[in-house]
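4 protein chains.
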Amino acid sequence: MSTAESPQLRVGMIGHAFMGAAHSQAWRTVNRAFDLPIRASMVAVCGRDPGRTAAAAARLGWAEHVTDWRELIARDDIDLVDICTPGDSHAEIALAALAAGKHVLCEKPLANSVAEATEMVQAAESARALGVRTMCGFNYRRVPAVAFMRKLILDGRIGVVRHVRAVYLQDWITDPQFPLVWRLQSDRAGSGALGDIGSHIVDMTQYVTGQLVTGVSAMTETFVRERPLPSESSGLSATGEGSSTGLVTVDDAAIFLARLDGGAIATYEATRFATGHKNGLRVEINGSLGSISFDLQRLNELEFYDATKPAAEQGFTRILITEAEHPYLAAWWPPGHIIGYEHSFTHQMRDLLEAIASGQDPTPSFADALQVQFVLDAVQRSAETGSGWTEVINAPQWVPV
Amino acid sequence: MSTAESPQLRVGMIGHAFMGAAHSQAWRTVNRAFDLPIRASMVAVCGRDPGRTAAAAARLGWAEHVTDWRELIARDDIDLVDICTPGDSHAEIALAALAAGKHVLCEKPLANSVAEATEMVQAAESARALGVRTMCGFNYRRVPAVAFMRKLILDGRIGVVRHVRAVYLQDWITDPQFPLVWRLQSDRAGSGALGDIGSHIVDMTQYVTGQLVTGVSAMTETFVRERPLPSESSGLSATGEGSSTGLVTVDDAAIFLARLDGGAIATYEATRFATGHKNGLRVEINGSLGSISFDLQRLNELEFYDATKPAAEQGFTRILITEAEHPYLAAWWPPGHIIGYEHSFTHQMRDLLEAIASGQDPTPSFADALQVQFVLDAVQRSAETGSGWTEVINAPQWVPV
Amino acid sequence: MSTAESPQLRVGMIGHAFMGAAHSQAWRTVNRAFDLPIRASMVAVCGRDPGRTAAAAARLGWAEHVTDWRELIARDDIDLVDICTPGDSHAEIALAALAAGKHVLCEKPLANSVAEATEMVQAAESARALGVRTMCGFNYRRVPAVAFMRKLILDGRIGVVRHVRAVYLQDWITDPQFPLVWRLQSDRAGSGALGDIGSHIVDMTQYVTGQLVTGVSAMTETFVRERPLPSESSGLSATGEGSSTGLVTVDDAAIFLARLDGGAIATYEATRFATGHKNGLRVEINGSLGSISFDLQRLNELEFYDATKPAAEQGFTRILITEAEHPYLAAWWPPGHIIGYEHSFTHQMRDLLEAIASGQDPTPSFADALQVQFVLDAVQRSAETGSGWTEVINAPQWVPV
Amino acid sequence: MSTAESPQLRVGMIGHAFMGAAHSQAWRTVNRAFDLPIRASMVAVCGRDPGRTAAAAARLGWAEHVTDWRELIARDDIDLVDICTPGDSHAEIALAALAAGKHVLCEKPLANSVAEATEMVQAAESARALGVRTMCGFNYRRVPAVAFMRKLILDGRIGVVRHVRAVYLQDWITDPQFPLVWRLQSDRAGSGALGDIGSHIVDMTQYVTGQLVTGVSAMTETFVRERPLPSESSGLSATGEGSSTGLVTVDDAAIFLARLDGGAIATYEATRFATGHKNGLRVEINGSLGSISFDLQRLNELEFYDATKPAAEQGFTRILITEAEHPYLAAWWPPGHIIGYEHSFTHQMRDLLEAIASGQDPTPSFADALQVQFVLDAVQRSAETGSGWTEVINAPQWVPV
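Protein chains in written order, with the UniProt record's numbering: chain A, 1 to 401; chain B, 1 to 401; chain C, 1 to 401; chain D, 1 to 401.
Hints were generated in silico from the structure; no laboratory data involved.
Which copy is meant is left open, because identical chains are indistinguishable; a pair holds if it fits in one copy or across any two.
Using 25 angstroms as the maximum straight-line C-alpha spacing, the simulated DMTMM-like pairs for lysine to aspartate or glutamate come out as follows:
| # | residue 1 | residue 2 |
| --- | --- | --- |
| 1 | 151 | 325 |
| 2 | 151 | 295 |
| 3 | 309 | 155 |
| 4 | 309 | 323 |
| 5 | 151 | 175 |
| 6 | 309 | 175 |
| 7 | 151 | 313 |
| 8 | 309 | 325 |
| 9 | 151 | 361 |
| 10 | 151 | 35 |
| 11 | 151 | 323 |
| 12 | 151 | 301 |
| 13 | 151 | 351 |
Starting from the given sequences, assemble the full structure and let the hints guide the process.
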């Protein structure tokens, strides 16, 4: 068990909005829920606005607060830099942190472009030789049901994977008066639904199947092309300013077909216009011996179909993923007492701390995240060229673990 | 109410397997459930094998049985020819029946090729001038929940349609030892999952949205390319013969992206390899003001999301479609007493009898079915040419009602 | 297979409202769906109003119609009398039919009082010696999922039964302006929700567990005690007349605790005031090795929990009861194509015809139905005496099969 | 917002097993998630075993640890005593704490007997005059969906409440080899399923309806009467020791009928033998205008039926309770990002801190908890006397808020 005497991992976090709050909750909780050989210490948080950053530090539990991320990185008392900023600043910050010898946890998507992401991977590879660890924050891998889904599939329980069906449905910008927040601007966000939530389903489906997307045929759409400029925004909510408007420069929705390297075919959909779906990530995998499906809005459940059972007894079994036998769950409550969204971050921090303590590379690595980026890049190229089949540029040495 | 004295519609049915049984049940029941100005009379059924056809006639309720469909068509005491054979014989039979002045109800898909289907539409148009009616059997339009879904959408209850999401998932050939039945042979069936079940979701989504697919990007796959030759088959079940095998010449699965002429984007999937899904037709439509979803395996239910309600009370409402206020339901049982798959055929016959009695054209017309065929044709062309964007050949005068 | 030459069972039906329509649909269909050694012939239907009865005969498919049930019973060309009238006339008609040597199918509840039901059982026992068969119409036993539930339990798949949880929830009289139809009058209906729908859950739970209720503690309630007199009623719908009102003399709801003779404890609820539930019969059984639950509004599904599986894989399996391996289903459509409420009656007629053809007693017998009556009687006695524990009068020789 | 300068509430917690862990998580988090005028300070935790208590303090985040609860209560630097021990020690500890002028939060059930609970209420009333606050930990009141359910009902959205249907289903002792832990001993736990989980559904249904149970008819059962003595237990898990056994002296299950003072009738079931149900608290309320149902295993959802809508559009609406408009949710994540079991404790601490800061009495009060105790007492008395109707002893001045 970690105690006051355990080795510490001193963390500095950059960004304190939605992701910053989720990471903070996880940093505060990880050593409470899990017995780990290393203890996270929340040293400092960094934000641009001094007053808001001070308030965030007090509320989120950071000992100090700073406004210059370079200063944070330069400090001797920081071992790990946790990057929770928009995607356009990931590369610059991560490269600097790695150059300073800090471990880096970087929110997804890794970067807004393949070029930036590639540079980050190269820097991570170099730093790795010096014992510096990097991880990209695809937190949904740490939802217990998702981790268990992967285990069932890799154990061969559904046989050869034939179909992948993944959607990530949200509806927070269906109102045309919702303002032009940074997530709707390509220079800040890189892409729209595709990078923000499409990246999650690409990573998750590759993770649970152990297969990589090799090619895609894609289409993107921007339903509302002009929106009011925002007055104020935070997280996923904002208010419009009224008269002045701006152009939406990202996709509202992206849909694509794909092939995976194990022979499966797939459909993907990422959208912010699916009215009624708030955070509707759903993945289903069909194999020759069974099927598994998952819905993030019921993240404590997994549906498993075992086609090897007698015909009269086959059916989708709704497994409540709250048993001590399930991944991560022994740390929490008795069976049937459910956990929430934020726990995926706590689990992520656990695995990161475990990896650092044992001198191993955490996953997903920057290289894994770059591979997702390559898929998103192929999607965009296909969508721009009449949906024609587009191979994913996929360096073979970077395989997901 | 129809009585013994009501005008009769004298029916001859060709084919008596799965579809023949479903149609027979409907012909027997339609005047029992509904008060109609015309009464169906089940005059004769036609099949190739004399003994099996005689048995089918006795079991299914046909007064006579014949083995030559041309003979059936030539009879004076037949007003309507009901075609329940595999797709490769639809065109020949339908053209002959229309030439003989018979009304024609033809199972879907209308034909195995656009060329045949086009010829059928032209013949139907000619016969129409003489008061001869034609209808294609997309029976799922007559599932009450589907008809109600269309009503809600055309009434504007979900606003502008943004997303269409349709899958038709089956799993009856996942076993590689399942034999090479006619549905797996392109010369008999035209295509595989695409034409057999993909046609249903194309028709249904066009029907409920009132929009037409204008272009697609597609991929098809045949997972199991060689299968044992069948010894005996009936309906969707069969047994293999053992040593000799043959090539599967149709798709096991087809997936495609699409645009509809009202601005929506869509994903479609039709497969016979989705383990655990027996007859899993699911359609969801997202609009600017709401969403609706439907699942054929729970065909008495419809999920409706009304985004105009207060935020705290929004949610998918699971409407049990068993009220007298719902389409077709006043004829059946009290609220909460569910109906089944076969009722869609009874409703189809009702609407057909109503149309004939009132001298109007039933829907879907042959032209509507041809439009579906055009979509399937575009899917196949796209799949054969690297998934590139492919426009649907879409004669503008043939719009679905 | 039954053919025109098969032996006939000539049926006369008394009553042609809701139950009469359901029985007629079943009589018309049973020999179409099933190959049976005997063929049902729909000879005559009986009703009080000549015009309405004639119309019913034409619509429902009966060759003749009569207005005097004694005349129907007296006919030589009737082998079986099917009683679909309100409960107050069951005893008189059944006794007369049995005296005339006719087989009798009697709708549930068997009678409005234990005294009448006992007389019917005695008459049935006497007639039985002469080869006359009797059956009570607890049709839900023939829902395939219910029959399969019984099989799983009797096969020991859930171990020792611990808990029975049964509700039958309807809401058709929640409106205080709904009129005083015969089902709300004790002289016609005997009791309210208790006898009408409570009898179904008592029979079903005894049937699936193979155990009998031995004692109860009960409460009944009439929420709306005065209602408008009806102008016209049919089935479960009616309209009020306005000014004049009458007293509701039956229960609106009945709830009771019970013990079963195998050691299980149970809760039961029957109500017509459960807003939102149209025909919400739900039964769950928990045993030492597993659980099973059923919902009549999703009658093609069964949920089965197998506690002998590994902890991490346990869960409720939603079995779609549409496989040929499931009871009755081989006669119908391919897997995944669902059936409806009315099929339970067709299955009932199949089992009745099979029993008569093979010279065996069909189930549930009049004695089985009397045992249900004894339970309802105990419920009423307990409710009238402060909910105290009340033993079921339970003649040991009358055990359900 | 609370800051380092905010007034503190210095907390001492007694007990550090399951409930202690849940409370600790809440104390650590409450000021992070909510802006409150007062700040909780986790001063000391108390347990019997020095080593285990020290470890608990380190893991759970308490500054100090002690082994004598009297010492804890005597400290000047403790403002509130949080009692997380088994029910047999509640009264003694709470009385001492109140005598020492400490605010008290006491886990449910308030005590193991009505006598003890009454004494606690009297002490609380006396202390109240001095500004000392008391609260009983029925944490499920703070599940957002439950709080919203109450709001809808009290706002009249379902009209007059007719039916209450509540079950709390667990299965953790179905194995007869599960050992005789303290929760199965009447001297430690008072009662079994009844007090442990039955108390939750009594409190919840009274809370959401605003009505009190006035009388009951009940039955209890102990299915497994002898069990191995435990070697080691923690929370809800334990292992048996082998040869020696002891008698189970509490109920395994309790079922009861009830009337509420607003005219509703109710069924309740609490059991630890419902195989497959881990933490299956389900409550449904039917009213004259609608219905609402809740399932703790899907605690982010609420099903609401509004019978005032057009008949064709009525249905149960599955509201995802994750909107800022829902109780407590504005503090957490964007819509669709679910929370878990532990959040109910964080919300409880929030409301407790708010009440203390504003000088008001938190709810549920000790008196509210006593009223639940009275109901449980009536259940036990009825079960012991042949299930006869038993009035709840219900001091009218103690009405739930």
